[in-house]
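Peer 1: One-letter residues, chain by chain:
There are 2 protein chains.
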Amino acid sequence: MAKPIDSLLQTITSKITLNQAEIDFFCSLWKPRFLKKGQYLVQAGDVCKYDSFVVKGCLKIFHTNWQTGQEYILSFSLEDWWASDLESFVKQRAATYDIQALEDCQLLQIDYPSFQELLKQIPQFERYFRIITENYLFSLQKRILGTISQTKEERYKAFIKQYPQINKRLPQYLIASYLGITPEFLSKIRSKKES
Amino acid sequence: MAKPIDSLLQTITSKITLNQAEIDFFCSLWKPRFLKKGQYLVQAGDVCKYDSFVVKGCLKIFHTNWQTGQEYILSFSLEDWWASDLESFVKQRAATYDIQALEDCQLLQIDYPSFQELLKQIPQFERYFRIITENYLFSLQKRILGTISQTKEERYKAFIKQYPQINKRLPQYLIASYLGITPEFLSKIRSKKES
DNA sequence: CGTCTATTTGAATGTACTCAAAAGCGGTGG
DNA sequence: CCACCGCTTTTGAGTACATTCAAATAGACG
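Respectively, the protein sequence lines represent chains A and B. Going by my numbering, 30 is the number at position 29 of the first sequence; the sequence numbering is gapless. Going by my numbering, 57 is the number at position 56 of the second sequence; the sequence numbering is gapless.
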């Protein structure tokens, strides 16, 4: 039966090759963590002590405007992806984002000292995290181009094409927040398409 | 008298420490390149063969919609920053962006094999490029939050606050393209502020 | 001075939002 | 089993934000 660590290990070894001693060391650094739906993984203002890998479940990374109480979702973290305020984690500074579980979640966590030790002991991870950071960056560049070149309706259509499973899995008001549109307007877009 | 390579070296050594042999090796990998205003550094469809450091001048990285001919500026590259289609460079695939000089430019370039050799010979650079990639990523995250949470007028105000020098240096229609607004509307925003 | 390009201005239009009310939907307890 | 509660989605009217298009003005450069 598959252990939680296996999905993390598989994600890693699809990009870099490790020997058994490295695998054992790597696996020893991660601790399981469970979150109930609604629980916070990180709260803005705190230092993000852990980088978390999502084994099962789904979270939102968002910013809250304290003037209006309005939430803006920066991204969702689903299975086989990461959930952290990366800037807070790598600089060990106060987080600017909140991270909250949208479903019951199973995570694997590494703390900052262990993360530094990992990079030191197995320098390949320096490369690994450079590459996944780059790939995330490329997706953000595409998203920015979308926001400056498309109408909100076009952005929604592109979203359901790229992430059909997220669109089905999450309520409309969260999708709307991610896209930067009102739930009412998203409702109108959706009803338009079916006619 | 300062050589072009000095500004690159200073940027690098502000984050990592190199010995003299490493400095010499590093400097040997970069070749100067000059561009006249209007010249292309990269054209969409080509493979981005070089990573370029901007010693002097200014370029735009943009995407062209072939249906409409409309250009959308992803970012500007000014002194002490980089100009490349990073995804094209690191994966040696066809570029999706064009890069064009907005002024006469002085660059330093490294080709892909030399870049790989640099990472291999001096693994510290693996770390260095991970860190600057992360920092660029954080700025993109903030930009995305801006696009989903602010009106276009608010985005312009945030832009001039963050990049007053770019706002003065470049014509309005380029700023408008970067912000994803029309030049006419930007004109109206600007005239409003002065009243 | 003339030409080319960039900016400004205004009217008409389109896109998306606000606000309010109604309808849908899932869970819980009587 | 149904009634009620809380939360999400839908719908519509009115409004605000931003665009399009066209024409006038301003600036840069030879």
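Do not rely on the hints blindly, as some may be mistaken.
Same chains, same names: a pair is fine if it fits in one copy or spans any two.
Lysine-lysine pairs mimicking DSBU-like chemistry, simulated, CA-CA at most 35 Å apart [stated by the list, open to error]:
no., residue 1, residue 2
1, K189, K121
2, K37, K189
3, K153, K121
4, K121, K193
5, K169, K121
6, K92, K4
7, K162, K121
8, K16, K189
None of these hints come from the bench; they were simulated from the model.
Peer 1: Which constraints among the numbered hints does this structure fail? Numbers only, ascending.
Peer 2: The structure conflicts with hints 1, 3, 4, 5, 7 and 8, although it agrees with all the remaining ones.
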